[in-house]
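Novice: Sequence:
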Amino acid sequence: MFSDNKMVLQLLSLLKQYGISRIVVSPGSRHFAFVHSLEADDYFKLYSVVDERSAAFFALGLIQQTGEIVAVTCSSGTACMNYGSGIVEAFYQRLPLLVLSSDRLPQFLNQLEDQMYDQLDTFTHCTKYQGQLPVISNSIDEWYCNRIINEAMLELTHHGNGPVHLNIPFEAHNSDKFETKEIPLVRKINLSTSELTSEQWQVYSGKLKGKKVMIVWGQSVTMTKEMEEAVTKFCNNFDAIILTDKMSNCHHPYAINNTTVVLGILRPMERLNLMPDIVITIGGNYIFNNELKAYLRGSNVKHWQVGKEDKVCDPFRKLTEIFEMDESFFFRVITNNCSFSHRGEYAKSWIDISQLPALPTPTYNELYAIGALMNNLPKNVDLQLANSCTIRMAHFFPIDASIRVNCNRGVNGIDGSMSTAVGFAADNLRTTFYVTGDLSFFYDMNSLWVRHLSKKMRIMLVNNGGGAIMYAPLSDETRKTLPAHIGAGHAMSARGWVESVGFKYLSAHNKNEVDETIKVFCDVTIEQPIFLEVFTTINTDVNSIKEYYATINRKTYAEKILIEVRNIAKRILNK
Numbered sequence: 005m006f007s008d009n010k011m012v013l014q015l016l017s018l019l020k021q022y023g024i025s026r027i028v029v030s031p032g033s034r035h036f037a038f039v040h041s042l043e044a045d046d047y048f049k050l051y052s053v054v055d056e057r058s059a060a061f062f063a064l065g066l067i068q069q070t071g072e073i074v075a076v077t078c079s080s081g082t083a084c085m086n087y088g089s090g091i092v093e094a095f096y097q098r099l100p101l102l103v104l105s106s107d108r109l110p111q112f113l114n115q116l117e118d119q120m121y122d123q124l125d126t127f128t129h130c131t132k133y134q135g136q137l138p139v140i141s142n143s144i145d146e147w148y149c150n151r152i153i154n155e156a157m158l159e160l161t162h163h164g165n166g167p168v169h170l171n172i173p174f175e176a177h178n179s180d181k182f183e184t185k186e187i188p189l190v191r192k193i194n195l196s197t198s199e200l201t202s203e204q205w206q207v208y209s210g211k212l213k214g215k216k217v218m219i220v221w222g223q224s225v226t227m228t229k230e231m232e233e234a235v236t237k238f239c240n241n242f243d244a245i246i247l248t249d250k251m252s253n254c255h256h257p258y259a260i261n262n263t264t265v266v267l268g269i270l271r272p273m274e275r276l277n278l279m280p281d282i283v284i285t286i287g288g289n290y291i292f293n294n295e296l297k298a299y300l301r302g303s304n305v306k307h308w309q310v311g312k313e314d315k316v317c318d319p320f321r322k323l324t325e326i327f328e329m330d331e332s333f334f335f336r337v338i339t340n341n342c343s344f345s346h347r348g349e350y351a352k353s354w355i356d357i358s359q360l361p362a363l364p365t366p367t368y369n370e371l372y373a374i375g376a377l378m379n380n381l382p383k384n385v386d387l388q389l390a391n392s393c394t395i396r397m398a399h400f401f402p403i404d405a406s407i408r409v410n411c412n413r414g415v416n417g418i419d420g421s422m423s424t425a426v427g428f429a430a431d432n433l434r435t436t437f438y439v440t441g442d443l444s445f446f447y448d449m450n451s452l453w454v455r456h457l458s459k460k461m462r463i464m465l466v467n468n469g470g471g472a473i474m475y476a477p478l479s480d481e482t483r484k485t486l487p488a489h490i491g492a493g494h495a496m497s498a499r500g501w502v503e504s505v506g507f508k509y510l511s512a513h514n515k516n517e518v519d520e521t522i523k524v525f526c527d528v529t530i531e532q533p534i535f536l537e538v539f540t541t542i543n544t545d546v547n548s549i550k551e552y553y554a555t556i557n558r559k560t561y562a563e564k565i566l567i568e569v570r571n572i573a574k575r576i577l578n579k
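For the sequence shown, position 75 (counting from the first letter as 1) is numbered 79 according to our numbering, and the numbering increases by one without interruption.
Just so you know, the hints here were simulated from the structure itself, not pulled from any lab data. Remember, it's a predicted structure, so these values are computed and weren't measured experimentally. C-beta atoms are modelled at their ideal positions from N, C-alpha and C, and glycine is treated no differently. There's no promise every hint is true.
[Claimed, not checked] With a Cα cut of at most 20 Å, we get these calculated SDA-like pairs of lysine to any residue:
hint, residue 1, residue 2
1, K229, H256
2, K352, R413
3, K181, E274
4, K564, Y299
5, K315, Q136
6, K312, L160
7, K20, E155
8, K229, F95
9, K132, F95
10, K508, S451
11, K297, R275
12, K20, L160
13, K215, V305
14, K297, D145
15, K185, Y47
16, K49, P31
17, K20, H40
18, K559, L160
19, K237, V207
20, K550, L270
21, K306, I282
22, K315, W147
23, K315, E328
24, K297, L267
25, K508, K564
26, K559, L360
[Claimed, not checked] Ranges of calculated distance between the beta carbons of each label pair, as one might list FRET restraints:
hint, residue 1, residue 2, range
27, S224, K559, 29 to 37 Å
28, T70, S141, 33 to 41 Å
29, N340, H255, 23 to 31 Å
Required output: the full structure, derived from the provided sequences and hints.
Specialist: Shown next as structure tokens:
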């Protein structure tokens with residue numbers, strides 16, 4: 005029988021799946037649940053070495069002899085510290101040593117707890133990876149524990165061999181029950197490189213047979229001509245759809261660029277029927293992040309990560325495969341090694357729905373101003389977008405494929421967006437348009453005080469006197485207190501500052517003024533930086549996105565009632 009501790013069961017399962025059978029055990033009580041479970045499975049070959057320093061070197065000898073990964077495990081306190089010499093040797097010999105140190109709960113650190121110090125940082129400079137497993141009390145803990153163990157196991161042999169360290173906290177050594185009859189088969193994340201054989205590629209292409217395949221195309225991966233050809237063949241062969249947004253600059257016949265809107269208008273049966281079997285992610289950072297996570301949550305989808313990034317990225321908690329290779333190579337080779345062709349309606353169904361939403365026709369507000377710009381942007385220009393409401397509203401409107409779009413979406417902060425746009429324009433022969441809200445602008449206003457301000461710089465500031473996005477999820481009553489601190493209410497204008505640094509200044513307070521000034525603003529023949537300040541109000545701006553979604557909502561009255569009942573049931577069950 006095995007420990008009922010889910011953290012221990014995750015570790016046991018993945019040790020077996022990664023083929024790690026040799027464990028060098030040093031005595032102690034803190035790791036009793038783990039060691040006793042190892043003893044219950046004949047798969048594991050255990051070696052008893054009392055001195056931890058000797059145990060680590062003993063393990064190195066096993067690695068040298070077998071060429072396989074070997075683990076060492078010990079109790080808490082100085083027992084862990086004693087592994088140091090052997091770990092350093094493993095690091096410089098490049099030997100795959102898995103260090104499994106037991107510990108007390110992290111909450112007790114520096115609280116006069118016996119046999120406890122900060123073990124996680126002990127071997128930072130001589131291990132390829134360090135991770136601390138969480139005590140599992142909910143599904144998030146279980147996913148996180150599984151991910152950390154997978155990351156550690158992969159790193160043992162990733163880009164060369166070397167030691168890794170997992171610190172395992174146990175609340176007590178005598179509280180676990182041993183009533184689990186079998187070790188569960190938990191999720192294992194596989195990592196593949198471009199060195200896969202043709203036979204292995206055929207196996208992977210076979211996994212796509214008859215499946216609904218979705219590609220999620222994020223920021224920072226440019227669609228080259230070579231890549232476009234490879235992706236087109238892949239989509240044709242596997243009936244795959246591409247969900248993306250403007251930041252990816254992915255213009256492709258199979259690509260949906262208004263994904264945020266499309267996910268918002270799916271009816272219940274469409275959500276079910278269009279649920280993918282396999283999601284392939286390219287790049288990262290997309291505006292529909294939360295919407296996609298909500299859509300995929302609770303499904304049985306499998307996630308394949310493709311690209312040269314060397315980190316495990318598991319946003320949907322469904323990651324099973326990592327293809328660490330050039331994206332073009334992946335699409336080309338997996339298609340070339342496919343012995344079948346799938347002709348279905350999956351991609352067409354997505355594309356048909358993406359063409360249903362009408363464009364916004366708002367009253368005078370921020371959405372109207374941004375829409376006016378998007379509808380009048382010339383071809384062959386560049387568009388830089390600030391975060392928060394700006395980036396979301398811009399995605400409601402189509403633009404020409406010749407327009408490149410950028411946004412600091414890596415961490416989604418409001419700081420530095422204008423500095424980035426000014427730097428981009430400084431070495432750009434095309435006209436650069438930048439759209440921002442007021443807090444982001446005033447936060448970064450010193451970026452205009454540079455010698456390198458381009459004459460082809462165009463800045464639209466939507467000034468509604470505060471941070472509108474902070475108001476969005478709150479009730480009208482709660483919103484009354486926001487201007488003081490949370491929403492940073494103000495009555496400032498940018499005019500004096502921008503004119504002093506050389507901008508031609510324009511302003512608009514209504515639809516007619518927006519329509520007139522936008523013509524001058526978008527005139528790329530004017531050899532002077534132009535600044536357009538559009539004045540709106542927070543209350544109308546906050547509701548504009550919600551009002552737009554209300555106009556394109558396709559759900560029937562019965563479907564809306566059913567969704568509301570489900571939401572109420574969830575709230576009751578979660579109490």
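Novice: Next step is simple, just say for each hint if it's right about the structure.
Specialist: Going down the list of hints, with the structure as the test:
1. K229 <-> H256: holds (11 Å)
2. K352 <-> R413: With Cα atoms ~29 Å apart, K352 and R413 exceed 20 Å; violated.
3. K181 <-> E274: violated (45 Å)
4. K564 <-> Y299: OK: K564 and Y299 at ~17 Å, within 20 Å.
5. K315 <-> Q136: Between K315 and Q136 the Cα gap is close to 17 Å, so the pair holds against 20 Å.
6. K312 <-> L160: holds (18 Å)
7. K20 <-> E155: holds (15 Å)
8. K229 <-> F95: violated (42 Å)
9. K132 <-> F95: holds (8 Å)
10. K508 <-> S451: Holds. K508 to S451 sits at ~17 Å (cutoff 20 Å).
11. K297 <-> R275: holds (13 Å)
12. K20 <-> L160: holds (15 Å)
13. K215 <-> V305: holds (10 Å)
14. K297 <-> D145: holds (18 Å)
15. K185 <-> Y47: holds (15 Å)
16. K49 <-> P31: holds (16 Å)
17. K20 <-> H40: holds (16 Å)
18. K559 <-> L160: At roughly 50 Å apart (the allowed maximum being 20 Å), L160 and K559 break the hint.
19. K237 <-> V207: Holds - the C-alpha atoms of V207 and K237 are around 18 Å apart, at most 20 Å.
20. K550 <-> L270: At roughly 16 Å apart (the allowed maximum being 20 Å), L270 and K550 satisfy the hint.
21. K306 <-> I282: holds (5 Å)
22. K315 <-> W147: holds (16 Å)
23. K315 <-> E328: Holds, at about 10 Å.
24. K297 <-> L267: Holds. K297 to L267 sits at ~11 Å (cutoff 20 Å).
25. K508 <-> K564: violated (49 Å)
26. K559 <-> L360: Judged against 20 Å, a Cα distance of about 13 Å means the pair holds.
27. S224 <-> K559: 29 to 37 Å: At 35 Å between Cβs, range holds.
28. T70 <-> S141: 33 to 41 Å: holds (37 Å)
29. N340 <-> H255: 23 to 31 Å: Check passed, 24 Å falls within 23 to 31 Å.
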